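Asker: As a plain string of letters, each chain reads:
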Amino acid sequence: MEDWPILSLVTFLPLVGAFFIMWIRGEPDVVARNARYMALWTSLATFVMSLFIWFNFERGSAEFQMIDEAVWFPGYDINYKMGVDGVSMLFVMLSTVLTPLCIVASWDAIRTRVKEYMIAFLVLETLMVGMFCALDFVLFYFFYEGVLIPMFLIIGIWGGERRVYSAFKFFLFTLAGSVLLFLALLAMYFEVGTTDIPAMLEYGFPASMQTWLWLAMFASFAVKVPMWPVHTWLPDAHVEAPTAGSVILAGVLLKMGGYGFIRFSLPMLPLASEFFTPLVFTLSVMAIIYTSLVALAQEDMKKLIAYSSVAHMGMVTLGTFTVTQQGLEGAIFQMLSHGVVSAALFLIVGVIYDRLHTRLIARYDGLVSRMPAYSLFFMIFMLASVGLPGTSGFVGEFLVLVGIFQVNTWAALLATAGMILGAAYMLYLYRRVIFGVMTKPDLKAILDLTPREVVVFAPLLALVFWMGIYPMSFLDVMSASVTNIVESHQAALLEAPGRTFASLFSLGQ
Amino acid sequence: MIETLIVLLPLLGAAIAGLFGRFVGDRGAQIVTCGLLGVSALLSIFVFKDIALDGNTRTTELFTWIDSGEFELSWAIKLDTLSAVMLLVVTNISTLIHVYSIGYMSHDKSIPRFFSYLSLFTFFMLALVTSDNFVQMYFGWEGVGLASYLLIGFWYERPSACAAAIKAFLVNRVGDAGFALGIVGTFFLFGAVGFEQVFAAVPAMADAQFEFIGIQGNALTIICLLLFIGAMGKSAQLFLHTWLPDAMEGPTPVSALIHAATMVTAGVFMVARLSPMFEYAPFALEVVTVVGASTAFFAATVGLTQFDIKRVIAYSTCSQLGYMFFAAGVSAYSASIFHLMTHAFFKALLFLGAGSVIHALSDEQDMRKMGGIWRMIPVTYAVMWIGSLALAGVPPFAGFFSKDMILEAAYGARGMVGGYAFWMGIAAAFMTAFYSWRLLFLTFHGNPRADEKTMSHVHESPKVMLVPLILLATGAVFAGWLGYDLFVGEGRAEFWGESILVLAANDSVEAGHHVPFWVKVLPLVMGATGIALAWVMYVLRPDLPALVARSFRPIYLFFYNKWYFDELYDWLFVRPAMYLGRGLWKGGDGAVIDGVGPDGIAAATRSLAGRISRVQTGYLYHYAFAMLIGVVALVSWYLLTRVG
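So the protein sequences, as listed, match chains A and S. Numbers in this note's numbering are just positions in the first sequence, counted from 1, shifted up by 4. Numbers in this note's numbering are just positions in the second sequence, counted from 1, shifted up by 91.
Hints were generated in silico from the structure; no laboratory data involved. Check before you lean on any hint, since a few could be wrong.
Under the rule of at most 30 Å between Cα atoms (straight-line distance), these lysine-lysine pairs were calculated in the DSS-like manner [claimed, not checked]:
(1) S:Lys-611 x S:Lys-460
(2) S:Lys-544 x S:Lys-460
(3) A:Lys-444 x S:Lys-677
(4) S:Lys-200 x A:Lys-444
(5) S:Lys-554 x S:Lys-544
(6) S:Lys-653 x S:Lys-200
(7) S:Lys-653 x A:Lys-448
(8) S:Lys-544 x S:Lys-200
(9) S:Lys-653 x S:Lys-460
Here are a few chain S residues that face chain A, going by a calculated C-beta distance under 7 Å [said to hold, decoys possible]:
(10) Ser-159
(11) Tyr-247
(12) Leu-261
(13) Trp-676
(14) Gly-678
(15) Tyr-729
Model, not experiment: these values are computed from the prediction. The beta-carbon is built from N, C-alpha and C at its ideal position, and this holds for glycine as well.
Use the sequences and the hints to build the structure in full.
Answerer: Structure below.
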């Protein structure tokens, strides 16, 4: 077991499944059925494989583990290299957990082009897992950009009415940032002479380069997170995406930005990160308060949850740039928790969307009287989103708060305002949809959760409580790597000569 | 082990009733929740003896909860006198309320859900009081907020209940946000969140400074004030009190639970638990005193004018909590907890008694439609008298001992704020007596004002409701007399041990024992005057109240409308938030960001493309002309740069 290229196996297993689905031929019904089962078994097998990563991962080590390497571009020092550390390992798990759930959730909801849909999802899984495992910048960039394509297709083909507008908005926003990331990649390659990420982490970029590199990366990662004010693609993309698309989008894709900050911006460019911290804090706090207020006014459930995602990711960027143990662990934990909770909430919306084909809040009321089990699940996920202690949402949020208070009390105060507003929009949503008397005639026959839907929610529910009551299973994984980041960041700041505005902005000549 | 059971049994009950209510049925859910909580209550009596009387304090750590750098803490159960007292009060009162609910809720259609919520509520409160660190306390803190949200909104079909539930949760969240900041501030200052580590470090840090949102000041004071914001939210103190009166939208046993055993006492408990911090933050203590005293006064004025029977009692809770806070503020934590304990008995009694009245009058809550029923429901009438006597502080009922102790301590405390608290407390004592007897006279005496159909149905409640009432009444009679010595009398130092810290210079309880005679008698006189005035106005001259209301109309309206706090907050926070949200969405996201960003660029590209495409006319001479211009430009450029 030890010698297996486990990361590559987990990464490319879905692709193998997709390859087989491609060859399914026959009656449309049979094709759809086989494609569904094939996709489900593939993603489950991938999940089981990924458990080996979880169990074999050595906790307490900040090193990259389970590395497998192959020469890719001989002579250029650009290689195929995979490995995980405490930061990335949990995101791999998140991706492999969510994909099978997405496939089950799409079981009946997707009726057209099922084969292609399943292929898109499996390809997406390969790209997501690969992105978190990649230890070579070029390889990372390949996966990072590649993710856009299946997601673009999922929104553009299986989406709602304005799917084309949303798909293009999504694509253009994220691509605009990515072009700059590519420039940064080139500049760094010419500076270091290799695209090996561990080597880049060791390198120590000159202060004069850091500012520009940081801004280029920021352009890309900030769009992905998304930070205010480049967040407007997200609500549109979510509203038009099919349920499972929203789940992956909120659950994993948004984390790519946060992961990018933690993997690249922070450790590789410590001086610039320090310099731009006030900017990040300002934008994060803006995101938290602004989008929470906007969420309060939403009439579409998916849009509301999309805006809440922006607010929650604001906590993530806030925590990341505190560069404290608690802030960073909180940020990573918050990302994981948000991955589970927002995924669950989009699935929750999906359940009633499948029944009534509308996401407008005003079309629903008093669902609790006919859907008690649904209401219970909704309640728990809503509370996790609000950050109630005992659920996953609390731990991340609170650790971020602990971190931010040490650095900037204003940001801490404003972040708590987000806590209050977060409760306001979620409770208000819940009240309008679930409580009250059922008056709408078309709701009278609505049915409670089917066993298939319960199967989708049960693991998410278990995760919400596990992460809330015994978060140590996850904090243990990340703590050594986070300590390493914090310590090397502080060391870099100490070593640096007097940092002034001019020294950062001079072009190095 | 035994303490783990005390805390977790209610959770187990809640889970069984809530998740498997359909299988165990109504009766099953009642038996399971009441039974498990009953066991928990019995065990807590045992624990009380072991911990508080025999002095075997201990902390049981269950397992690590969070460990991130220095920020580490465990799920734990801390047992000292303070938590043992709380365990005793919470489990026993809650059990009685559970039993009472069997009768009160017998006609409801979702009984298992109700009992599940009640037990859940109790569980969170127990987790709160047995916490050995700030974060677990916060867990219980937010948990009771959740449970109260669920219970207040229990009748979710009523819009008013849903609104009240959300209001309760949100107002509490405002307090919780302060609490959260206080906790992270504590960690920032002390590098720990365990009570023991923090308390041990407090004396050394008493003069530490730090900056919070631009305010440079004594760190401990800032932290204590932040924490106190949390206490204000949970205990419904002035400015954050607006949720409490609305909380009576829930079924009556819920009000009893919220007002007596769980939830609102959490804030008082917190200040007592954190006495080792507050003692070193004198300014924070003064703020606590002023807020508490003002609340005691404010809530009593509102209570004078309300007509809803539950609302009157709700405001009296608010007012009594004010007493507990100013007691804590003058360092009389023991008196504060003593009053918390006696209050739990008589307030649960009053609420459940009011529930019995409402039950008898076919769900009527307006006192203007009651009256003349005291002969028909004698037991309820008697227990309401006992509750009111205790509330008004008439000897030898429970409230007399604790409330007098608080007032004496306030008088004995040094400084202006002590005096302010004392006089506010005296004024509130007068009003308390007045509105309590106003309630009794309006509800039970005079001519019946209900319609005949209702009157013909008036009946005494079933035994399952009366037995808890009688037990609570017993407590309301004897609790003060029994507890006086231990809580605030001679035995107090030994009883409290290390669970409460009072600096020698601040020992207002001791000072309270040596106040002039008139101070001890004054509350009694005020109470008697209040009762007498109520008798004059509602029995002797029933036309007087309307006359008074007319002649002092502005003041009357001000009190009746609760000092317009709800309107103010609606205007100040709720509307602007909704307005801003809509504005930022349509204006900020829609017009500015998208308008200038993607949509703007797309539109610009399209219009540019349109203009360029118009150039392509298809006429040969247009193209030829364009080429000619190009050639001319090229040639001239070449000539100018290269040749010249």
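Asker: Taking the earlier hints as the rules, which of them does this structure contradict?
Answerer: Checked against the structure, the hints that fail are numbers 1, 6, 7, 14 and 15, while the rest are satisfied.
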